[in-house]
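Asks: All chains, full assembly: derive it from the sequences and hints.
Chains as they are written, first to last, in the numbering used here: chain G, 1 to 618; chain D, 1 to 219.
Please note that a few of the clues may not be correct.
[Unchecked claim] Incomplete in silico selection of chain G near chain D, CB under 10 Å:
(1) K4
(2) K15
(3) G22
(4) E23
(5) L24
(6) C26
(7) K29
(8) H256
(9) D300
(10) G303
(11) E332
(12) T336
(13) Y611
To be clear, the hints were calculated from the coordinates, so they are not data collected in a lab. Computed from a predicted structure; not experimentally measured. Even for Gly, the Cβ is constructed at its ideal location relative to N, Cα and C.
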Amino acid sequence: MVNKKIEKLLANVQKPGRYVGGELNCVRKHADEVDVRFAFCFPDIYEVGMSHLGLKILYSQLNTVPYVWCERVFAPWVDMEEEMRKNGLPLYALESGDSIRDFDIIGFTLQYELSYTNILNMLDLAGIPLKAEDRHSLSQLVVAGGPCACNPEPLADFFDLFFIGEGEEVDLEVVALYREYKKQDRSKEEFLKAASQIQGVYVPSLYHISYHEDHTVKAIVPKEGAPLPVKKRIMMDVDKSYFPDKFVVPYIEIVHDRTVAEVLRGCIRGCRFCQAGFLYRPFREKSVDVIDRQCHDLCDSTGYDEISLSSLSTSDHSRLNELIDRLHTWTEKENTGISLPSLRVDNFSPELMSKIKSVRRSGLTFAPEAGTQRLRDVINKNVTEEELMKTVNTAFKGGWTTIKLYFMIGLPTETLDDVAGIAELGQKVVDAFYANPDKPKGKGVKVTVSASSFVPKPFTPFQWEPQDTMETLRKKQRHLVASVKTRKVEPNWHEADTSFLEAVFARGDRRLCGVLLEAHRSGCKMDGWQNFFSFPKWMEIFERCGIDPAFYANRRRSFDEVLPWDHIDYGIKKSFLIDECKKAYANVTTPNCREQCSSCGASCFKGGICYEKRQGLV
Amino acid sequence: MKNVRVWFKKIGTARYISHLDLNRCMLRAIHKAKLPLWYTQGYNPHAFITFALPLSLGIGGERESMDIRLDDDGITREELIGKLNAALPDDIPVFDVTEPVMKPGQIAYASYLMKLETQGHPPEETAAAIRELFSRETVVVPKHTKNGMIDLDLRPYLDRTEVVARDDGVEISAMLPAGSTMNVNPSLLCDAMKKYLLLDLFSDIRRINLYDADFKIFE
Ligand code: SF4
Ligand code: SF4
Numbered sequence: 001m002v003n004k005k006i007e008k009l010l011a012n013v014q015k016p017g018r019y020v021g022g023e024l025n026c027v028r029k030h031a032d033e034v035d036v037r038f039a040f041c042f043p044d045i046y047e048v049g050m051s052h053l054g055l056k057i058l059y060s061q062l063n064t065v066p067y068v069w070c071e072r073v074f075a076p077w078v079d080m081e082e083e084m085r086k087n088g089l090p091l092y093a094l095e096s097g098d099s100i101r102d103f104d105i106i107g108f109t110l111q112y113e114l115s116y117t118n119i120l121n122m123l124d125l126a127g128i129p130l131k132a133e134d135r136h137s138l139s140q141l142v143v144a145g146g147p148c149a150c151n152p153e154p155l156a157d158f159f160d161l162f163f164i165g166e167g168e169e170v171d172l173e174v175v176a177l178y179r180e181y182k183k184q185d186r187s188k189e190e191f192l193k194a195a196s197q198i199q200g201v202y203v204p205s206l207y208h209i210s211y212h213e214d215h216t217v218k219a220i221v222p223k224e225g226a227p228l229p230v231k232k233r234i235m236m237d238v239d240k241s242y243f244p245d246k247f248v249v250p251y252i253e254i255v256h257d258r259t260v261a262e263v264l265r266g267c268i269r270g271c272r273f274c275q276a277g278f279l280y281r282p283f284r285e286k287s288v289d290v291i292d293r294q295c296h297d298l299c300d301s302t303g304y305d306e307i308s309l310s311s312l313s314t315s316d317h318s319r320l321n322e323l324i325d326r327l328h329t330w331t332e333k334e335n336t337g338i339s340l341p342s343l344r345v346d347n348f349s350p351e352l353m354s355k356i357k358s359v360r361r362s363g364l365t366f367a368p369e370a371g372t373q374r375l376r377d378v379i380n381k382n383v384t385e386e387e388l389m390k391t392v393n394t395a396f397k398g399g400w401t402t403i404k405l406y407f408m409i410g411l412p413t414e415t416l417d418d419v420a421g422i423a424e425l426g427q428k429v430v431d432a433f434y435a436n437p438d439k440p441k442g443k444g445v446k447v448t449v450s451a452s453s454f455v456p457k458p459f460t461p462f463q464w465e466p467q468d469t470m471e472t473l474r475k476k477q478r479h480l481v482a483s484v485k486t487r488k489v490e491p492n493w494h495e496a497d498t499s500f501l502e503a504v505f506a507r508g509d510r511r512l513c514g515v516l517l518e519a520h521r522s523g524c525k526m527d528g529w530q531n532f533f534s535f536p537k538w539m540e541i542f543e544r545c546g547i548d549p550a551f552y553a554n555r556r557r558s559f560d561e562v563l564p565w566d567h568i569d570y571g572i573k574k575s576f577l578i579d580e581c582k583k584a585y586a587n588v589t590t591p592n593c594r595e596q597c598s599s600c601g602a603s604c605f606k607g608g609i610c611y612e613k614r615q616g617l618v
Numbered sequence: 001m002k003n004v005r006v007w008f009k010k011i012g013t014a015r016y017i018s019h020l021d022l023n024r025c026m027l028r029a030i031h032k033a034k035l036p037l038w039y040t041q042g043y044n045p046h047a048f049i050t051f052a053l054p055l056s057l058g059i060g061g062e063r064e065s066m067d068i069r070l071d072d073d074g075i076t077r078e079e080l081i082g083k084l085n086a087a088l089p090d091d092i093p094v095f096d097v098t099e100p101v102m103k104p105g106q107i108a109y110a111s112y113l114m115k116l117e118t119q120g121h122p123p124e125e126t127a128a129a130i131r132e133l134f135s136r137e138t139v140v141v142p143k144h145t146k147n148g149m150i151d152l153d154l155r156p157y158l159d160r161t162e163v164v165a166r167d168d169g170v171e172i173s174a175m176l177p178a179g180s181t182m183n184v185n186p187s188l189l190c191d192a193m194k195k196y197l198l199l200d201l202f203s204d205i206r207r208i209n210l211y212d213a214d215f216k217i218f219e
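Replies: Laid out in structure tokens, this is it:
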């Protein structure tokens with residue numbers, strides 16, 4: 001909703017549609033008829049945040065509760081921020097236009113480390129004290145969830161509590177508790193103490209961290225009966241877990257402007273670099289009936305004519321073909337297309353291709369992640385060159401001529417030969433095109449090999465690994481470019497310096513809170529946007545704070561070091577991660593969960609693939 | 001097959017979406033309402049949908065129209081209105097569906113209502129100043145065109161302008177050239193006030209109606 005104060009600023013900004021709300025299916029309630037006002041904040045601009053499925057799920061779900069009004073808040077782009085600051089308009093929620101300073105709960109979703117400065121900037125723009133210790137009343141409770149909450153320590157000073165794991169149930173429990181404590185006029189301390197007893201809630205102020213002289217963590221000690229470890233929450237019955245039948249449909253074009261169906265959670269594969277693959281274990285599928293109904297409801301309520309079957313690895317759904325056939329029974333009549341965002345190399349069948357041919361003709365993407373078989377074994381990416389070739393040949397036959405291959409550089413044990421292997425693999429795909437008798441006539445082929453820099457993440461077997469220094473990463477990037485011998489292969493890479501900062505915050509500890517605060521004061525924001533990110537500025541800030549970023553990014557940890565996130569428990573045993581790390585150095589792969597259980601620990605959640613019968617067990 | 005003209009308002013939040021976004025929004029609404037939209041034949045079928053005269057960003061519209069071609073003539077006016085309203089955001093309400101009478105190309109004028117905030121100044125004084133400005137011999141403002149900036153004299157277009165003082169500000173009703181040949185954006189009037197009177201007033205502008213060259217209401 002817009003009021004006069006907001007309207008006056010809109011004439012001077014780009015894309016005012018970002019700041020007005022009022023979209024189809026947005027939820028309006030009366031502020032005086034609810035007990036809890038919840039600001040769901042996404043620390044990036046509207047177009048990015050509105051594309052995010054988690055926001056859509058939790059927004060709708062919180063609003064199903066009659067006494068809660070959940071509204072959306074995004075980071076304003078710099079032009080709007082400038083107008084807001086100049087005219088003294090604090091950060092407001094889109095549905096009501098009300099300042100979020102007076103809200104009960106301000107919740108952030110933590111999707112990537114480079115958005116951390118935006119969080120502080122948004123709190124500041126709202127007029128909310130940044131540090132939890134400076135907020136004394138029960139209201140203005142600042143909370144967060146999302147994948148980066150797995151290591152919340154660099155943000156510990158700013159948040160009152162974190163949600164660990166999947167939010168659907170625990171969010172509601174915390175909101176209910178909040179309402180009770182608010183009615184009884186109890187203090188924030190009392191509330192936090194009670195909240196910390198709910199599974200999946202981490203209250204950082206209830207843990208004392210001590211450090212060794214070399215700055216590594218000495219001990220993590222809970223206070224006031226707070227649990228150790230803090231165990232994640234997870235929805236074991238994904239068919240029954242809440243899924244909205246309505247999405248807010250933006251007026252303006254966003255990144256993913258379509259119906260998104262969630263077909264499964266978790267992943268059966270244990271790629272050793274992939275944090276999501278471990279955080280969301282175990283693998284849980286939705287049934288065809290449920291997905292079909294959810295897709296149909298959403299298409300009916302939004303008017304979208306495209307469905308994206310989303311998940312970490314959609315093609316691992318055991319009934320994918322059946323699902324697509326079922327969807328086709330109505331999508332064709334209704335002129336609705338189906339797209340699969342994540343395709344794996346090894347099960348891209350001609351059959352599957354013919355069914356999704358109608359959409360996304362423009363380009364196909366695959367992620368072999370490493371250029372040589374040896375290195376793919378190291379990272380447990382169980383994809384062979386033969387499979388990749390089979391797949392691209394299927395794609396060429398189907399008329400595709402643009403292929404994008406994703407890789408990482410800087411992986412553990414990587415040599416320059418592995419890097420050259422990326423270019424060679426690209427070349428082999430080009431050669432396969434020309435050798436293919438069924439290739440599209442009169443067309444050339446284009447293969448993009450895109451290399452991002454590896455960032456070691458918590459809760460993966462590589463959590464102890466040093467990240468390559470920026471010099472090494474740049475050397476490898478140059479080597480990749482030099483290894484490409486034809487114009488049909490186009491190398492592509494990202495700047496190493498943002499990956500470095502990501503690596504610092506991904507495995508950081510509470511000492512980084514001061515760095516973030518200083519970064520915010522120095523004007524750092526929108527670090528995920530190339531033209532705003534300033535590496536020299538960040539280095540100055542680390543220097544001023546007396547903190548060596550290489551300690552976090554480039555240092556090898558020993559297996560017995562206390563890690564800053566050791567008190568957080570995602571169900572994966574540390575001993576399993578250590579074994580996986582050792583296997584990586586021995587070039588030994590681990591079978592996926594469907595082939596064989598490797599006892600990672602996630603069976604403690606009592607469901608999903610851990611309890612499924614395996615076919616053809618050897 | 002039949003052509004229908006859908007009449008709607010673009011108010012509140014919808015004022016801040018571009019013409020391109022409105023177009024997508026309408027297509028989605030038609031899809032959601034499951035209207036039997038007629039598609040062109042051939043390799044790349046597309047729907048027939050055109051808007052009479054796109055509004056500029058930030059300006060509201062009280063009587064906007066969109067022409068669509070339907071594959072089925074059995075559907076009633078009431079059904080169409082009901083289905084579209086159920087599929088559109090609140091700030092784009094459909095209030096009528098008619099058979100098109102004039103062609104969008106015939107549009108030559110548009111009427112606007114502009115509400116200016118005078119912020120503490122007595123509205124009567126401000127209104128008088130604006131009236132005086134609008135009656136000068138020339139009122140020249142810079143205007144963006146395809147060929148860059150030009151100086152435009154607003155004087156010839158200000159004869160059908162009325163400036164009235166209200167309790168909370170000044171209200172201007174204006175009738176300005178609109179359409180493919182000549183188009184005068186009402187915000188140019190504000191530019192003139194800024195330039196000549198140094199009045200930078202917040203203005204809420206709504207387009208009320210469209211007319212042909214003989215000032216007959218667009219139907
Ligand atoms: S296939 Fe590998 S990279 Fe992809 S989600 Fe699963 S574990 Fe992660
Ligand atoms: S316990 Fe076994 S089946 Fe379950 S997630 Fe871990 S490895 Fe996979």
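Asks: Now, for every hint given, state plainly whether the structure supports it.
Replies: Now the hints, each set against the structure:
1. K4: For G:K4, the interface hint holds, since the closest Cβ of chain D sits about 8 Å away, which is under 10 Å.
2. K15: Holds: closest Cβ of chain D sits about 8 Å from G:K15, inside 10 Å.
3. G22: 3 Å, holds
4. E23: 6 Å, holds
5. L24: Constraint on G:L24 satisfied, holds at 4 Å.
6. C26: 8 Å, holds
7. K29: 14 Å, violated
8. H256: Since the shortest Cβ distance to chain D is 14 Å, the answer is violated.
9. D300: 7 Å, holds
10. G303: Holds - the Cβ of G:G303 comes within 10 Å of chain D, reaching about 3 Å at its closest.
11. E332: 14 Å, violated
12. T336: 8 Å, holds
13. Y611: Cβ of G:Y611 sits 40 Å from chain D, so the hint is violated.
Taken one by one, the earlier hints fail for this structure at numbers 7, 8, 11, 13, listed in ascending order.
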